[in-house]
Structures are given as C-alpha cells and as structure tokens.
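**Student:** Use the sequences and the hints to build the structure in full.
Note that this note's numbering has the sequence shown beginning at 1, numbered continuously upward.
For the record, the hints were derived by calculation from the structure and aren't laboratory data. Any given hint could be a false lead.
[Claimed, not checked] Below, in silico cross-link-like pairs of lysine-lysine (DSSO-like), each with a Cα-Cα straight-line distance of 30 angstroms or less:
| id | residue 1 | residue 2 |
| --- | --- | --- |
| 1 | K100 | K115 |
| 2 | K531 | K412 |
| 3 | K115 | K130 |
| 4 | K150 | K130 |
| 5 | K130 | K112 |
| 6 | K112 | K132 |
| 7 | K150 | K112 |
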Amino acid sequence: EGFSSVKCFLSLYRFQACVYFASVFQAMSCGIHYLASVFMAVTPNFVCGFPGNVSGVLFHNSSASSIEDIWTLWTSTENYIVVQLENGEIWELDQCSRSKREVTLDLAYEYKGNKSVFPCSDGFLYDDTKWKSTVVTQWDLVCDREWLAKLIQPTFMLGVLIGAVIFGDIADRLGRQRVIWFTSAGQFVFGIAVAFTFDYYSFVIVRFLLAMVSSGYLVVAFVYVTEFVGIKARTWASMHVHAFFAMGIMIVALVGFLVRTWWVYQIFLSIATLPFVLCCWMLPETPFWLLSEERYEDAQKVIDTMARWNKVSTPCKVSELCSVQQDDPACGRTGDDDTSSAKKHNILDLFCNWQIARRTITVWLIWFTGSLGYYVFSLSSVSLGGNEYLNLFLIGAVELPCYIIACLAMDKLGRRNTLIPFLILSALICVLIMFIPQDFNTLIILANMAGKFSIGVAFGLIYLYTAELYPTIVRSLAVGSGSMMCRVGSVVAPFCVYLRSIWIFMPLLLVGIMALLSGILTIMLPETLGKPLTNTLVEATEMGRNKKSCSEKTPPAHSGAASEKIEMFGQERVSTDK
Numbered sequence: 001e002g003f004s005s006v007k008c009f010l011s012l013y014r015f016q017a018c019v020y021f022a023s024v025f026q027a028m029s030c031g032i033h034y035l036a037s038v039f040m041a042v043t044p045n046f047v048c049g050f051p052g053n054v055s056g057v058l059f060h061n062s063s064a065s066s067i068e069d070i071w072t073l074w075t076s077t078e079n080y081i082v083v084q085l086e087n088g089e090i091w092e093l094d095q096c097s098r099s100k101r102e103v104t105l106d107l108a109y110e111y112k113g114n115k116s117v118f119p120c121s122d123g124f125l126y127d128d129t130k131w132k133s134t135v136v137t138q139w140d141l142v143c144d145r146e147w148l149a150k151l152i153q154p155t156f157m158l159g160v161l162i163g164a165v166i167f168g169d170i171a172d173r174l175g176r177q178r179v180i181w182f183t184s185a186g187q188f189v190f191g192i193a194v195a196f197t198f199d200y201y202s203f204v205i206v207r208f209l210l211a212m213v214s215s216g217y218l219v220v221a222f223v224y225v226t227e228f229v230g231i232k233a234r235t236w237a238s239m240h241v242h243a244f245f246a247m248g249i250m251i252v253a254l255v256g257f258l259v260r261t262w263w264v265y266q267i268f269l270s271i272a273t274l275p276f277v278l279c280c281w282m283l284p285e286t287p288f289w290l291l292s293e294e295r296y297e298d299a300q301k302v303i304d305t306m307a308r309w310n311k312v313s314t315p316c317k318v319s320e321l322c323s324v325q326q327d328d329p330a331c332g333r334t335g336d337d338d339t340s341s342a343k344k345h346n347i348l349d350l351f352c353n354w355q356i357a358r359r360t361i362t363v364w365l366i367w368f369t370g371s372l373g374y375y376v377f378s379l380s381s382v383s384l385g386g387n388e389y390l391n392l393f394l395i396g397a398v399e400l401p402c403y404i405i406a407c408l409a410m411d412k413l414g415r416r417n418t419l420i421p422f423l424i425l426s427a428l429i430c431v432l433i434m435f436i437p438q439d440f441n442t443l444i445i446l447a448n449m450a451g452k453f454s455i456g457v458a459f460g461l462i463y464l465y466t467a468e469l470y471p472t473i474v475r476s477l478a479v480g481s482g483s484m485m486c487r488v489g490s491v492v493a494p495f496c497v498y499l500r501s502i503w504i505f506m507p508l509l510l511v512g513i514m515a516l517l518s519g520i521l522t523i524m525l526p527e528t529l530g531k532p533l534t535n536t537l538v539e540a541t542e543m544g545r546n547k548k549s550c551s552e553k554t555p556p557a558h559s560g561a562a563s564e565k566i567e568m569f570g571q572e573r574v575s576t577d578k
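**Tutor:** As structure tokens, then:
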C-alpha cells in the first residue's frame, strides 16, 4: 500500500513531484554541513616543534633522518620522539612539551640524566600522511587550545537551534518561498566563505551563520514539501526528506576520501548543491500560505499551474473554495473564536493535566534521545577503527532503508508499536557493543550501523507521531517544542562523544540509558494509527484514557468539501502543523 501511494503520487501529481524532489535535493547540503567537521576538524598525531635543523631522529629502536618517517610507527599519545639537531643538541619531543637533554654525548632513546623542560614555542609538527591540512593544524588547536577545537561542532549545533527558531517564524510571516531562496543562497555563500576565513574566530562565526541558514532551510523545506504533497503520499514524502539528509552524509565521506586539505574539502562540499541555488528561484509559493495571507489571485495562479502539470481539466477555484469554507458549519465554529483562543495558548498548555503532561515529558525525551543517539553514532563513526571514510559512508547509507522500514511499520503496526521496539533495540545494541572485543573492528562497525538504523527509525517517526498526539490548538506548539528538545540533543551530542576520553563506552552508555527509558515510557502513550486528529485538549486527554471511545467520538480534524478539493493539490491543513 505504501509503495502504491508513492507510485500514485509520481504519476498523478507531476507538479508536486517536481517541487518535492527539487526541494529535498538541497536537503543534502544540510547533511553535508552538519557532519563536515568530522574530517575538517580532525586532530592528527603531533609533537612539539624544535629550534633548528634535524640531523637524526630516534623512536624506540627505530632511527630515521626526518620525523615524517616516524609517524607510521606512532601508536600512542604517550610516546615521544628524540631528535638530534645539527648543532649537537638532543631534544625529547612530547605532544605538549619538549625537553632538552643536558648530556649530549650519545643519542639514545632512554635517558636518565638532567633535562630542561620548555613549552612548544616553535609550534607543532603534525602527521600529514592522511590529511595535508585541517583547521586544527591550521591554527594549532591542540594542548591548551584543544578546547577550541572541541567547540567547533557544539557551536555549529547552537546555530542550528537558533536558525530553526528564527527562520521558522520568518517563513510564517514572509512565506516559504523567500526563506528557501535566502537560506539556499546562504548555504552556498557561507559555505564558500568558511574556506576563506583567516582565523579560528572568524571560522566559528561564519560556520555559526552557515548552521543557521542550513537549519532554516531544513525546517522550512519540510513544511514546504508537506504543504504541496497530497495526503496519500505525505508520510513517505515527509520521512524521505531525512533520506536526502543521509545522502549528504555519504557525500561528506566521499569528498573527505578524495580531498585531504580542509579548505578545498569545504569548497567541494559547498558547490555540491550549486545547481539548486541556480534554479531555486523557480519554485512557487505554496497556495496554502498565499490563502492564509488572503492573496487569492496569486494562489489561483499557482493552482492553475498545478492543474496544467497534473492534467486536471477542472482546476479548483479559490472563490469556490472560500465559499465552501464559509458555508461549512465546522469552519464556522472554528473561525474568530479559535483565532482569539489560539493566541492564548502557550507552553503551559502542554502540561494542562497529568495525562497531557506525562505525554509531553515522554515525547520531549524521545526527541532528545533520537537526536542524541543519531549524532553520537554519526560523529563517533570515524573513531571505530578501520577506514573512517567507509565507516561514515555506511552510517549514512544505513539510513536509506531505515526510513522505508519506518514507513511500512508505522502504517502496518502503528506508531507506538514501531517506536517502542526500535528504542529498546537501540538500547540493547549500545550494551552489546560494550561487550565486543576492540579487535573485532568489522563487528563493531556493523553493530554501530544497527544502532544508527534503530535510532533512525525512532527519530524519523517521532515527527508525525507528535503531530498526531496533540490537538489542533497546540499541535504546532507541541511539534515546535519537541524540535527544540531535538536541537538541545544535537548540541549535547558532541560533548557526549568527547566523553570517550574518560571511558570509551561512556557515550554508548548514556545513549543506551536514554533509549531504554524512552522506550519504557512510550508504552504509556496512546496509539494514533487510523484515528482522526483531535481538536481540543479534552479530546486529546480522552484519547489517552479510552482509545476506543476516542476513535469513535472524536470528529475528523478537517472535513467537508473544502478539504476534499484541497487534497487534490496537496493542501490539507495538518501539513503545516508538522
């Protein structure tokens, strides 16, 4: 049934299909920029620099004429390199300090005599066998400046959080089309600008702006495509916006493998979606937003264009649609009264009673856990051993089937019955990884892919499930607040990954605990499959207490001839709530 819906969408809704694929193509750039730092901010092996020219290098029992020949033997950060300069001085080079030997008669690795310790005032020497240049080597973000490197991804995610809030609001005020234009151009401009930043602070600021426009595009594009796509294919279309994001992650792995200089790498990533920037101005505004702004003539033009593309002989007339809505008793009841009451709703309404409050806490926890697990598995994939480029590529590729499974399961088994097992499964996988010996790299990578798969199903499903759990009057507020918890999880995720330095399994332990707790609490949530959307908090509360009576008594959120006509053009109202 799911595949037939997609086939119907592609064959009968040509206009919507073109708009959809054009819009989600740019979502790849969001995946690209979100994960670009995994290779751009790599910290290679390094030691202190030395004052002079080298005549000999010693590392344990191996000698060489240059330090570059020693890097292949480097196995631990606790190692040090002994160098003899042309003036006869012998230095021991550690990562964050260097020692000058007082006795220089014999060049040996072990030395028990007196040494003078000096700071790394001559800079650092980096292993460039994998990466010719990274932002870490560019601005020496090591030792006492290491914390600056660790702030690169969290500050980007902070920009993601702020951008989602700002551009989501702007899109409601100025329209989806303008925001898509601006954020698309912004991703290209700021993406290129990052490559030409002159110091660390300008780099972080420009990447912060890049994060804002990337997040803004992803949020608005999600609303944009759901307002165009018909209800029959909406679940599949909305879920697979995430699939294009995953393809962006795969592009990061491919470009990272081919390009080993960070600013060239950044340029290649930024121009990957240039074709969309050049043609995004052709995308129309959504008729739904135009109607909400009472721009009826503009809405009619878009609808007529959709009708011509879709070969509809009798296109919907805005005047008829408005008259139907005015004559509909349901619409009459939800007119000025709802408008005035909607203004009074705030975040506290998500805690109006115990049933709704428990639901809100659980939903927020799922949003947070999904985002935390998603980015912990993605960011830590390059540290699993083996080929880090292949690891990241596979972590992105595993998402593609996961969204297909999610769509099929949520329509067959239900939203809750799909969410619970995949959350608990991700927790079990986190525990399983802890018991896999570190020498079994292939098994560890496969287990991490399974963890990313299971958390990806939950992460993709929660968008739609949240919209169905709450009534119309607070639905946007519920999804928006959940999205904020998702952004908080993405900000926390990089710090969680850094806890590997304390205990290698600490990130997995935290994700596992959160996933298990979320899965257990999800049992108390009501199932929403096949049930009409609720309109009031009373109806939403009853859905949690008595599932059968709720499904029988709750009227559809949108009914009547107006909704039927809008559906032809993919304009059913629930899309904006999502």
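**Student:** Each hint: holds or not?
**Tutor:** A quick look at each hint next to the structure:
With a CA separation close to 5 angstroms, the supplied pair K100 and K115 stays within the 30 angstroms bound. Distance hint between K531 and K412 is fulfilled; the C-alpha atoms sit about 14 angstroms from each other, no more than 30 angstroms. Distance restraint check for K115 and K130: the Cα-Cα separation of roughly 33 angstroms exceeds the 30 angstroms cut-off, and the hinted pair is therefore not satisfied. For a cut-off of 30 angstroms, the pair hint linking K150 to K130 stands: about 20 angstroms separates their Cα positions.
Under the criterion of a C-alpha separation no larger than 30 angstroms, the hint pairing K130 with K112 is inconsistent with the structure, at around 35 angstroms. As the CA atoms of K112 and K132 are separated by approximately 36 angstroms, the hinted pair breaks the 30 angstroms bound. At most 30 angstroms may separate the alpha-carbon atoms for a hinted pair to count; K150 and K112 exceed this at roughly 36 angstroms.
Consistency with the previously given hints fails for numbers 3, 5, 6, 7, ordered from lowest to highest.
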